[in-house]
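Engineer: Spelled out, the chains give:
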Amino acid sequence: MAARADFETDEGADGVDVRFTGRLTLARLGDLPARLDALGPVATLDLSAIERIDTVGAWIVTRTAQAHDAKVVGASEEAQRLLKALADDKSEYRVHRDRRPMWARMLEQIGTASVSIWRELVGIVDFFGAMIIALFIQIRARRRIRWHAIVTRFQTVGVDALPIIGLMSFLIGIVIAQQGAVQLRQFGLEVFTINLVGRASIRELGLLMTAIMVAGRSGSAFAAQIGTMKLTEEVDAMRTIGVSPMEAIILPRVAASTITMPLLAFYASICAIVGGGAFCWVGLDLPPLTYIQRLREIIPMTDFWIMLIKAPVFGILIGVTGCYEGMQVRQNAEEVGRRTTSAVVAAIFLVIVLDAFFAVFFSTIGWN
Amino acid sequence: MSTDEQEEEIRQEIAAAEAVRPEQFEYAIRVRGLVNRFGDAVVHDGLDLDVRSGEILGVVGGSGTGKSVLMRSIVGLQIPTAGEIEVYGTSLDTIANEEESRDLRRRWGVMFQGGALFSTLSVAENIQVPLREYYPRIDQQLLDEIAAYKVAMVGLPPDAGPKYPAELSGGMVKRAGLARALALDPALLFLDEPTAGLDPIGAAKFDALIRELADTMGLTVFLITHDLDTLYATCDRVAVLAEKTVIAVGTIPELLATEHPWIQDYFNGPRGRAATESHERVPRDRKS
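Residue numbers (the working numbering), protein chains in the order written: chain A, 1 to 368; chain B, 1 to 288.
Be careful, since some hints might not be right.
Said to hold, decoys possible - Below, computed lysine-lysine pairings styled on BS3-like, alpha-carbon distance capped at 30 Å:
1) B:Lys163 - A:Lys84
2) B:Lys244 - A:Lys84
3) B:Lys205 - B:Lys163
4) A:Lys71 - A:Lys84
These are calculated hints, taken from the structure and not from any lab test.
Whenever a hint applies, use it, and build me the whole structure from the sequences.
Structural biologist: In structure tokens form, the structure reads like this:
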């Protein structure tokens with residue numbers, strides 16, 4: 001029953017006369033285009049015997065007619081209407097963008113990527129400056145600080161992150177103690193595991209792991225929230241009402257991440273130390289009391305200060321990167337995802353780079 | 001010329017494409033006793049509606065009377081609480097397997113209010129999505145030609161094909177959405193507020209486009225609108241949704257003759273009267 005579109009051919013004087021039969025529709029196309037292409041010069045295309053024709057059928061007829069400069073005959077009124085619509089329009093409709101050779105595109109990609117990384121860095125610095133200015137304006141104009149907005153962020157950035165950061169740090173403490181003990185046992189210095197866990201947690205790891213977690217949890221959330229607000233024109237609406245988005249959206253978020261960061265980092269360090277202590281007790285038979293006493297002896301106060309100095313800086317960095325990427329969202333929903341990803345990647349990368357600088361700096365000033 | 005395997009493939013493809021045969025049905029859509037309830041809110045309660053093959057049916061109603069919900073129920077995006085919906089004799093409710101619902105889906109095109117273009121694809125690629133899905137054997141060359149043809153058909157400019165939805169104006173998004181809905185040469189077209197958000201000139205052009213396409217391609221159109229001018233310019237019949245059901249269906253003169261207060265308000269309000277007058281001055285000549 002379901003025959004595909006077909007045609008019969010007659011050899012004429014000027015070429016082949018093609019007589020279409022059946023239904024010339026998309027559904028019944030089959031391999032018709034290929035078979036038509038295989039024909040020699042075509043003189044006429046006869047549509048008198050077809051049952052139905054649709055736009056795709058009409059296009060196939062037009063295409064063949066144009067290719068062979070053939071005449072179309074016997075078209076019904078319906079078919080004529082479709083064919084006329086095609087014949088009237090002579091403009092060149094484009095479907096694809098221009099293609100360039102592979103090497104040119106690769107070069108262009110490298111170039112665009114380099115420029116965009118540079119722009120991104122400049123953009124973040126620029127944004128940070130704009131934020132500081134906004135902060136001063138707010139203070140000088142004695143406008144009220146949006147405590148409510150800040151405190152709401154405390155909840156999401158800080159309190160809600162406690163369980164996951166605690167668990168993660170606890171496990172990291174165990175891993176460091178366990179791995180350290182294996183190595184130190186070779187020298188019979190297992191007791192130095194306490195030094196390792198204590199100093200590493202307070203000085204570096206507690207803070208670094210917290211920063212990574214906050215960048216992943218909150219930096220991404222900032223970017224996605226603000227990005228969506230940009231898409232729905234909420235940010236623009238805010239501007240027209242006279243509310244500065246800097247003050248209403250960005251400052252509370254950056255303030256929240258800046259203030260919660262030291263608290264979270266301290267909490268994470270303690271959790272890591274507890275984890276390490278648990279391992280020392282169970283795995284190395286060092287009682288908790290010895291563990292705590294030894295910690296007090298070996299951790300200098302400067303380690304603690306280093307953590308407290310670095311933490312707010314990382315907090316600002318994560319907050320600013322997240323908000324900056326969110327504010328860059330334009331056009332479509334896909335952009336939100338892309339910007340969120342780069343907020344997290346940029347924040348973690350910058351945190352680690354800055355951490356390296358801090359390490360060199362503090363060693364140089366003698367805080368070993 | 002081609003191998004047996006290919007031959008068989010083509011035969012199957014054609015059989016699937018024509019499993020649903022719109023030309024056999026007097027009514028494209030039949031809705032009986034439709035009930036839609038969201039929690040406590042009853043949107044439809046015993047709604048009946050017939051859409052004749054080949055007509056353009058306008059669906060009007062105040063905000064929140066469930067015009068979009070009705071359309072979503074018919075195309076199977078919303079499972080009704082109760083009632084029967086048949087499209088070309090097939091009920092999406094009772095279709096057991098995915099294949100059968102695909103047979104039906106390829107006979108209709110849906111244009112959403114916001115265009116709903118896939119934002120990661122260019123306009124041409126958007127148009128090719130349904131074609132690729134149902135006719136995987138069509139080669140790229142022909143796909144491109146078909147896409148270019150559809151772009152031309154809905155009146156988009158020649159350079160619109162490679163553009164992404166974000167680069168288009170509101171009117172162009174609507175036209176591109178229409179082009180995608182028409183990609184498979186459907187027998188039945190659903191349009192949700194096609195002229196909403198367009199300027200009057202753009203809206204009038206769009207109305208003319210819909211009428212012209214429906215005449216050229218013999219389409220059945222289910223058209224949701226708020227726009228009185230669209231009703232006058234394009235629709236054969238109008239269905240009025242109110243009080244959780246269809247309170248009246250008919251040509252505009254027939255509706256004007258009814259007593260229902262909402263219909264009177266709608267057509268005889270200041271905007272309604274303006275539209276009526278402007279269309280009485282220029283009588284339409286249209287063959288049925």
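Engineer: Give a verdict on every hint.
Structural biologist: Evaluation of the provided hints:
1. B:Lys163 - A:Lys84: Measuring from Cα to Cα gives roughly 27 Å; hence the hint holds.
2. B:Lys244 - A:Lys84: Violated: Lys244 (chain B) and Lys84 (chain A) sit about 45 Å apart, past 30 Å.
3. B:Lys205 - B:Lys163: holds, 22 Å
4. A:Lys71 - A:Lys84: At roughly 13 Å apart (the allowed maximum being 30 Å), Lys84 (chain A) and Lys71 (chain A) satisfy the hint.
Taken one by one, the earlier hints fail for this structure only at number 2.
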